[in-house]
Amino acid sequence: MNKPLFALLVVLAASSGCSSDSHVYRNQPLVAKVENGMSKDQVEQIGGKPLTVTDRTVEPGSCFDYKLTQAGHQQPYNVSFDGTGKVDHTSFISCAEWSNVQRKAREPSHSSGGMGGGGGY
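Numbering-wise, the sequence shown is residues 1 to 121 according to the numbering used here.
Since the hints were made in silico from the structure, they are not lab data.
One should not assume that every hint holds.
Subject to a maximum C-alpha distance of 20 Å in a straight line, what follows is the list of computed PhoX-like cross-link-like pairs (lysine-lysine) [stated by the list, open to error]:
1. LYS67 with LYS49
2. LYS67 with LYS33
3. LYS49 with LYS33
4. LYS49 with LYS86
Start from the sequences and build out the full structure, keeping to the hints where you can.
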């Protein structure tokens, strides 16, 4: 029942290392203009051809990998599409990293159960 919260925490933890640099790229067209619900064609009109296109492994859909460049620095950036081909997520990590975040969010939590709990006294 706390899966959405857990998934959010996993995403924040995975992207927190890059979040301090996100302001550097905020004016890049992919960051500034791509919005949830856009089609793949709309994203390519904004950002050009992606470096790679991969099928998502956890949720149906696909993912575009880009490399943002600003002031001599490079940063991975992904645009993820749902099963209907519409943007449902963007982040400053690669598609492979995003897939790992999704996979980990779906794994059952081991924090409940096991030791502790009621038992024979």
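Within 20 Å, alpha carbon to alpha carbon, are LYS67 and LYS33? 16 Å, holds
Just to be careful, I want the Cα atoms of LYS49 and LYS33 compared with a cutoff of 20 Å; is the pair within it? Cα-Cα ~16 Å, so holds.
Would the hint linking LYS67 and LYS49 be met if the CA-CA limit is 20 Å? 11 Å, holds
Keeping to a limit of 20 Å between CA atoms, is the pair of LYS49 and LYS86 held or broken? The hint holds at about 16 Å.
Of the numbered hints stated above, none is contradicted by the structure.
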